[in-house]
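The listed protein sequences correspond, in order, to chains A and B. With my numbering as the guide, the letters of the first sequence map in order to residues 29 to 144. With my numbering as the guide, the letters of the second sequence map in order to residues 52 to 165.
Honestly, the hints are just simulated from the structure, not real lab data. Just so you know, even glycine gets a beta-carbon here, dropped at the ideal spot from N, CA and C. One should not assume that every hint holds.
As the list claims (entries may be wrong) - Simulated restraints, written as ranges between beta carbons of each label pair:
{"id": "1", "chain 1": "B", "residue 1": "Pro-130", "chain 2": "A", "residue 2": "Glu-103", "range": "28 to 36 Å"}
{"id": "2", "chain 1": "B", "residue 1": "Glu-66", "chain 2": "A", "residue 2": "Gly-80", "range": "44 to 52 Å"}
{"id": "3", "chain 1": "A", "residue 1": "Pro-36", "chain 2": "B", "residue 2": "Leu-162", "range": "26 to 34 Å"}
{"id": "4", "chain 1": "A", "residue 1": "Arg-140", "chain 2": "B", "residue 2": "Gly-104", "range": "33 to 41 Å"}
{"id": "5", "chain 1": "A", "residue 1": "Glu-112", "chain 2": "B", "residue 2": "Leu-71", "range": "29 to 37 Å"}
{"id": "6", "chain 1": "A", "residue 1": "Glu-103", "chain 2": "B", "residue 2": "Leu-69", "range": "42 to 50 Å"}
{"id": "7", "chain 1": "B", "residue 1": "Pro-130", "chain 2": "A", "residue 2": "Leu-69", "range": "26 to 34 Å"}
{"id": "8", "chain 1": "B", "residue 1": "Glu-66", "chain 2": "A", "residue 2": "Ala-66", "range": "29 to 37 Å"}
{"id": "9", "chain 1": "B", "residue 1": "Ser-131", "chain 2": "A", "residue 2": "Arg-85", "range": "38 to 46 Å"}
{"id": "10", "chain 1": "A", "residue 1": "Ser-93", "chain 2": "B", "residue 2": "Thr-106", "range": "35 to 43 Å"}
{"id": "11", "chain 1": "B", "residue 1": "Leu-69", "chain 2": "A", "residue 2": "Leu-69", "range": "24 to 32 Å"}
{"id": "12", "chain 1": "B", "residue 1": "Val-80", "chain 2": "A", "residue 2": "Gln-45", "range": "40 to 48 Å"}
{"id": "13", "chain 1": "B", "residue 1": "Leu-71", "chain 2": "A", "residue 2": "Asn-99", "range": "38 to 46 Å"}
{"id": "14", "chain 1": "B", "residue 1": "Ser-131", "chain 2": "A", "residue 2": "Thr-42", "range": "18 to 26 Å"}
What the hints assert, rightly or not - Calculated from the model, a selection of chain B residues having no Cβ within reach of chain A, i.e. all distances over 10 Å:
{"id": "15", "residue": "Ala-68"}
{"id": "16", "residue": "Arg-73"}
{"id": "17", "residue": "Lys-119"}
{"id": "18", "residue": "Asp-136"}
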Amino acid sequence: EAGVTQSPTHLIKTRGQQATLRCSPISGHTSVYWYQQALGLGLQFLLWYDEGEERNRGNFPPRFSGRQFPNYSSELNVNALELEDSALYLCASGPLSGTSGRETQYFGPGTRLLVL
Amino acid sequence: AQSVTQLGSHVSVSEGALVLLRCNYSSSVPPYLFWYVQYPNQGLQLLLKYTTGATLVKGINGFEAEFKKSETSFHLTKPSAHMSDAAEYFCAVSWGSGYSTLTFGKGTMLLVSP
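Required output: the full structure, derived from the provided sequences and hints.
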C-alpha cells in the first residue's frame, strides 16, 4: 500500500512569489494535516482538512492557505513568500474524521521550500 | 498553554547502551501520546503511541515508553542502542476532543557511537 506522497520534493522561490505544495494521502484516509518544520522552531501545526473542509488552523498568517479535493488530496499555498518561510513542509494523513485525537497520523517525506 | 517538553536537544550513547529520551507535557487533561522518529531527509515514522489501557507501550525497533500520569511524562527507552537508531526523535501530544492535531516537542537528536 502506498504511503503519503508529496510533490515536489524541493522548491526554490524568491521573496514575494507564491508556492504550491501537494499531498496525496494514504488510500482510505480522509484527513490531511500540514506541518511546518523550520530550523530552530520545530514542528508546528499549520492546517487540518477533512472531507473537503478546513477543520482547524494553527497560528499562521492568512497567506498560508490550502484546500482538499474530492479525492482527498490536498494543496498548501503560501502567498507573498518571506525568507522565514524556508522550511520542510510535512503532510500527514489519518483515517476517518479524526475528532478523537487518538488516530495515528502518517507522514509523507516532505517538501523542502527555500525562499531566496 | 498546553506544551510538550523534550529534555536535551542531543543525547549521545554508545552502541549497546541504554537509550532514554525524556518527554513531559503540561496539561490537566490526560492526552494521547506519541513518539515519532525522523531519519535524515525523511518524514516522520510512528514508533509507538499511548491512548488508553496499559501504561507501558511497546513499539517498533525495540523501543518502549511508559505513561506516568502523576509525573506528566512519557519517556522513551530502549535497552540496547544500535547504530541504526541514530535519528531525531519527537514526542507529540494530542488532546483529542475535536482537536485531532499534534503538538510536538522540539525533538531530540540521538547520536550512537561505536
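For each hint, the structure was consulted:
1. B/Pro-130 to A/Glu-103: 28 to 36 Å: Violated - the Cβ-Cβ distance for B/Pro-130 and A/Glu-103, about 44 Å, lies outside 28 to 36 Å.
2. B/Glu-66 to A/Gly-80: 44 to 52 Å: Hint holds: Cβ distance 49 Å, inside 44 to 52 Å.
3. A/Pro-36 to B/Leu-162: 26 to 34 Å: About 31 Å separates the Cβ atoms of A/Pro-36 and B/Leu-162, which means 26 to 34 Å holds.
4. A/Arg-140 to B/Gly-104: 33 to 41 Å: 38 Å, holds
5. A/Glu-112 to B/Leu-71: 29 to 37 Å: 34 Å, holds
6. A/Glu-103 to B/Leu-69: 42 to 50 Å: 44 Å, holds
7. B/Pro-130 to A/Leu-69: 26 to 34 Å: The hinted range 26 to 34 Å holds for B/Pro-130 and A/Leu-69, with Cβ atoms some 33 Å apart.
8. B/Glu-66 to A/Ala-66: 29 to 37 Å: 32 Å, holds
9. B/Ser-131 to A/Arg-85: 38 to 46 Å: 43 Å, holds
10. A/Ser-93 to B/Thr-106: 35 to 43 Å: 40 Å, holds
11. B/Leu-69 to A/Leu-69: 24 to 32 Å: Distance hint for B/Leu-69, A/Leu-69 holds at roughly 30 Å.
12. B/Val-80 to A/Gln-45: 40 to 48 Å: For A/Gln-45 against B/Val-80, whose Cβ atoms are near 42 Å apart, the range 40 to 48 Å holds.
13. B/Leu-71 to A/Asn-99: 38 to 46 Å: 43 Å, holds
14. B/Ser-131 to A/Thr-42: 18 to 26 Å: 49 Å, violated
15. Ala-68: 26 Å, holds
16. Arg-73: 16 Å, holds
17. Lys-119: 19 Å, holds
18. Asp-136: Consistent with the label, B/Asp-136 stays out of reach of chain A, its closest Cβ about 19 Å off (over 10 Å).
Hint violations for this structure: numbers 1, 14, all remaining hints satisfied.
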